[in-house]
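Protein chains in written order, with my numbering: chain F, 1 to 234; chain D, 1001 to 1343.
Accuracy of the hints is not assured; some may be wrong.
Said to hold, decoys possible - A few chain F residues that face chain D, going by a derived Cβ cut-off under 8 Å, partial list only:
hint, residue
1, Leu58
2, Gly64
3, Thr117
4, Gly121
5, Gly124
6, Asp128
7, Pro129
8, Ser130
9, Tyr134
10, Ser136
11, Gln138
12, Ser139
13, Leu168
14, Pro170
15, Pro231
What the hints assert, rightly or not - Cut-off 30 Å, straight-line C-alpha distance, at most; resulting in silico cross-link-like pairs (DSS-like, lysine-lysine):
hint, chain 1, residue 1, chain 2, residue 2
16, D, Lys1151, F, Lys97
17, F, Lys131, D, Lys1208
18, D, Lys1309, F, Lys131
19, D, Lys1040, F, Lys145
20, D, Lys1062, F, Lys145
21, F, Lys97, F, Lys220
22, F, Lys149, D, Lys1062
23, F, Lys220, F, Lys145
24, F, Lys108, D, Lys1040
25, D, Lys1148, F, Lys131
26, F, Lys131, D, Lys1062
Think of the hints as simulated: they come from the structure by calculation, not from any bench. Cβ coordinates follow ideal geometry from the N, Cα and C atoms, glycine included.
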Amino acid sequence: MKHGIFLFLCCVLIFNTIFAQSSIVKIQIKHAIGDSKTICTDSIYRLNQHDSIKITTLRYYISGIELLLNNQSIWIETNSFHLIDISDSSSSFFALKLPQNTQYNQIKFNLGIDSITSNAGALGGDLDPSKGMYWSWQSGYINLKLEGKSNLCKTNNQLFQLHLGGYLYPYSAMQQIVLNTCDQMPICIVFDLEKWIQKIPLDLQHHIMSPSNNSVLISKAAAQAFRICTPCEK
Amino acid sequence: MRKVIIIALILCLTSGYAFIKSYEFTVPENWPKPVYNFNKNPPNFTAIELGRNLFYDPILSKDNTISCASCHLQYTAFTHVDHALSHGINDRIGTRNAPALMNLAWQRQFMWDGAINHLDVQALAPINHPDEMGESFDSVVFKLQKSKYYKKWFLLAFNDSNISGEHTLKAISQFMLTLVSSNSKYDSVKRHQSKFTAQEKRGYQLFKINCSSCHTEPLFSSYQFENNGLPISNELKDSGRIRITHYLQDAFKFKVPSLRNIEFSYPYMHDGRFKKLSEVLNHYTQGIQSSETLAAQLRKPMAFSANEKVDIIAFLLTLTDKTFLFNPKFGYPKKIFNTSPNK
């Protein structure tokens, strides 16, 4: 009999945690160049009349997702680290699990990985160093990797390779982004690659492999290229 | 009946852990608390043994020829005696002297300039090839995943049937954390189990006055970054800590090395420029080069007589720990390699 009650309590507990009142908010990140709303890794995209670009790698971390209501934080995702990779389209979709009836009108997140996490040793999941987003000769995550080919690069093979990151002063590259979402569900975010790439002096900066001032500047430009798919009415 | 099934299920789920013997990391008497966070990587004997295998296995290198032990040999306190490396994996490895590996649980930063911020991620540096930064660790993990032999070990050690990069690194850390050297003559004197000779005692006095501000007992390093006045090598142009922090005051500073097992860890300094301890002492008395970042303690020249130098060296030799250098638990894991099913 006692065992029966115990088992029953266990069941109640398990059910409670599984079916706790929560709602799911889906997030989608779209990558755009001009009219192209999805970017494939081997196509060539025109930037303007003369210039074109081919992207072979675009991978970056979104971390520390927070929802805000009128600039007040009301929900923080725990263990919030998402590696987005354009060669794996499923990585651009993920879901937040919030308590039911959570009201928000802004989303806040980091582009990159914070310094505490960068100092925390070997981590798993999307942060696993075998994901190719960890520097080896100087510890720290690569926040954002962009590689490809463009006639803008004044190199023989026109290749560029930008590994942006660094968490130490004065080259801390992580960027914070806040976007107005209204009460949109799902939350649709655009990373406007054309806007970003036009701010990268690819003729001079085609190879960045360690923390530096340029790494910070190009990371800032990337952060400015994020927006909500359909802007709020008011 | 159902109850029995549930109990059996719970037993099955937990048994994976139950059969693993956990390892108690012991802090030697009167030593400070380690800085490594063992809670995030709880040691167990299986993972340590796995880490030891990885440390000695050339599978970690691109062409399967070099293991960690190629450069970190146990009998020389896990440093390498031959400075000029023909077979280095990374260009920087050729320009710096491999430090002795011991008492790593007490260190916050690694490498001579502190470029590595955590023991777990240290192994990535030698594993990765310079031209493919961040690329080849994936293939190391892939190679491990394909080996049936390692699959079994990762399952036992971490309950990981898929072999992750995280657990590969944590296993190597677990082995390196066991490399504790605390049984030198110096330690037994401190434990009142033996006595210094008169000469060693004189050397110890001189050491405490002149050296221990940086080579601080009981670890014989403060693990801070200091400029000890080495003339800058024009060939290597190694500016040390400033490469990482970009602070001007860090120019030409290097991590203070521990002096434990110093008898065996020659050549000395970040570039291995000195072969003998007498050359090191001559540096401290006559070779100090003044510069803006030279440590305050070294601005006033040290003066030791020839006898005093011999006394200091006699003391430094009491830091040799034979139980560490010849501990079979740290050596080549013959038994395990031999029982490997597909090697």
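Here is how each hint holds up against the structure:
1. Leu58: Hint violated; Leu58 of chain F Cβ to chain D Cβ min 15 Å, cut 8 Å.
2. Gly64: Hint violated; Gly64 of chain F Cβ to chain D Cβ min 20 Å, cut 8 Å.
3. Thr117: With a minimum Cβ separation of about 11 Å from chain D (threshold 8 Å), the hint on Thr117 of chain F is violated.
4. Gly121: Since chain D brings a Cβ to about 3 Å from Gly121 of chain F, closer than 8 Å, the hint holds.
5. Gly124: holds (4 Å)
6. Asp128: Check passed: Cβ of Asp128 of chain F comes within 4 Å of chain D, closer than 8 Å.
7. Pro129: Holds, because the Cβ-Cβ distance from Pro129 of chain F to chain D comes to roughly 5 Å (cut-off 8 Å).
8. Ser130: It holds, given that the least Cβ distance between Ser130 of chain F and chain D is near 3 Å, below 8 Å.
9. Tyr134: Because about 6 Å separates Tyr134 of chain F from the closest Cβ in chain D, which is inside the 8 Å limit, the hint holds.
10. Ser136: It holds, given that the least Cβ distance between Ser136 of chain F and chain D is near 4 Å, below 8 Å.
11. Gln138: holds (5 Å)
12. Ser139: holds (4 Å)
13. Leu168: holds (7 Å)
14. Pro170: Status holds, d = 6 Å.
15. Pro231: violated (36 Å)
16. D:Lys1151 / F:Lys97: violated (34 Å)
17. F:Lys131 / D:Lys1208: At roughly 48 Å apart (the allowed maximum being 30 Å), Lys1208 of chain D and Lys131 of chain F break the hint.
18. D:Lys1309 / F:Lys131: Roughly 52 Å between the alpha carbons, so the hint for Lys1309 of chain D and Lys131 of chain F is violated.
19. D:Lys1040 / F:Lys145: holds (28 Å)
20. D:Lys1062 / F:Lys145: holds (23 Å)
21. F:Lys97 / F:Lys220: Status holds; Cα separation ~29 Å.
22. F:Lys149 / D:Lys1062: holds (27 Å)
23. F:Lys220 / F:Lys145: holds (14 Å)
24. F:Lys108 / D:Lys1040: holds (28 Å)
25. D:Lys1148 / F:Lys131: holds (22 Å)
26. F:Lys131 / D:Lys1062: holds (17 Å)
Comparing the model with each numbered hint stated earlier shows that hints 1, 2, 3, 15, 16, 17, 18 do not hold.
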